[in-house]
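Turn these sequences into a full structure, and let the hints steer you where they fit.
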Amino acid sequence: MHIAEGYLPPVHAAAWGVASAPFVVHGVRALTREVRSNPESTLLLGAAGAFTFVLSALKLPSVTGSCSHPTGTGLGAILFRPPIMAVLGTITLLFQALLLAHGGLTTLGANVFSMAIVGPWAGYGAYVLLRRFGAPLMVAVFFGAFVADLSTYCVTSVQLALAFPDPGSGIPGALAKFGGIFAVTQIPLAVSEGLLTVLVMRLLTQSSKGDLIRLGVLAGRTSERREEATAR
Amino acid sequence: MSRNAKINTLLLLIVAALAVLPLALGLGDHKEEPFTGADAEAETAITELQPDYEPWFSPLYEPPSGEIESALFALQAALGAGVLAYYFGLRRGRRQGAARAGADESDAGAATATGTADGRGGSGGGSAGGPGA
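Here the protein sequences line up with chains V and E, keeping their order.
Taking the working numbering, the leading residue of the first sequence gets 1, the next gets one more, and so forth.
Taking the working numbering, the leading residue of the second sequence gets 1, the next gets one more, and so forth.
None of these hints come from the bench; they were simulated from the model.
Computed from a predicted model, the values in this text were never measured in an experiment.
You may find that some hints are simply not true.
If you want a taste of the chain V side facing chain E, the calculated C-beta under 8 Å gives, among others [to be verified]:
no. : residue
1   : 10
2   : 29
3   : 39
4   : 43
5   : 46
6   : 50
7   : 53
8   : 63
9   : 133
10  : 143
11  : 185
12  : 188
13  : 191
14  : 202
15  : 207
By construction, the Cβ of each residue, glycine as well, lies at the ideal position given by its N, Cα and C atoms.
Structure (structure tokens):
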């Protein structure tokens with residue numbers, strides 16, 4: 001669930017917009033480079049964007065008695081690295097802001113920052129870290145997607161707490177309040193997103209082994225060669 | 001069902017259970033309006049924290065009713081699911097095509113191998129048999 005239209009003061013809205021813009025511009029460059037140098041990955045890029053589309057349309061009930069939706073950004077961040085998800089996430093957010101009155105144009109910068117920038121980077125970071133410590137691929141994928149999802153809503157809570165500090169307890173008090181609304185609701189949904197991302201990754205390892213090796217998700221000939229080189 | 005398919009089904013079942021449990025356990029019962037959106041709850045919280053805050057911009061287009069809104073959300077999910085299904089379908093088709101071509105080739109190769117033992121004629125027969133196999 002994104003910050004609704006008009007619900008961030010103009011200064012905050014503008015600041016988040018300025019913070020997000022360079023990431024999106026950089027992402028557009030990364031995306032065009034990827035498509036130009038590997039035209040065969042266009043199809044998988046489309047699939048990663050489609051995954052975000054499906055998951056962010058699924059409003060699911062949660063333990064707090066309210067509803068929210070997953071983000072689906074973890075998968076694309078693991079496959080294509082986070083900058084490309086800045087673009088795919090922004091497209092999804094724009095679609096929802098323009099057609100569904102969900103999120104908003106004035107809050108687009110803040111929502112892009114949480115869902116299309118911090119989420120993918122945090123998820124990708126968790127994935128890379130786990131892989132480096134020798135975790136199995138699917139465990140790393142699960143936590144990558146889980147962290148991408150949950151961190152998005154932690155950022156949303158922080159953004160709202162900064163804009164609307166509690167009159168008594170200040171920003172921490174407001175953070176506890178918004179965290180209770182967004183982050184706690186999101187925990188079971190982040191588990192769901194992790195499981196669905198694992199499912200899609202399992203299907204990809206069957207159907208698109210070549211792409212996954214080229215993207216470095218599965219160990220292929222090149223990494224074996226690198227291991228041989230380091231062994232020598 | 002293969003082991004793979006079993007694991008995939010299990011994953012889907014857990015996701016379904018996670019979605020249904022909050023409803024089945026009545027976790028929304030303590031609320032006036034159970035299972036509203038978290039964004040709507042945040043709007044309420046904002047009004048509590050700053051009663052004089054007025055949203056300074058309203059959506060350019062707002063779906064005229066809950067039905068239209070859910071239709072548009074369904075459209076979004078359908079678009080995404082359609083592209084995903086196209087991707088996996090295409091991949092599966094290509095893989096099957098490649099597997100078939102590979103089987104043809106190995107058939108032809110086997111025929112050629114036996115063919116070479118008894119002279120030149122066998123290799124011709126092998127490649128001719130390829131497309132039909």
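Unmet hints by their number, sorted upward, for this structure: 2, 3, 9, 10
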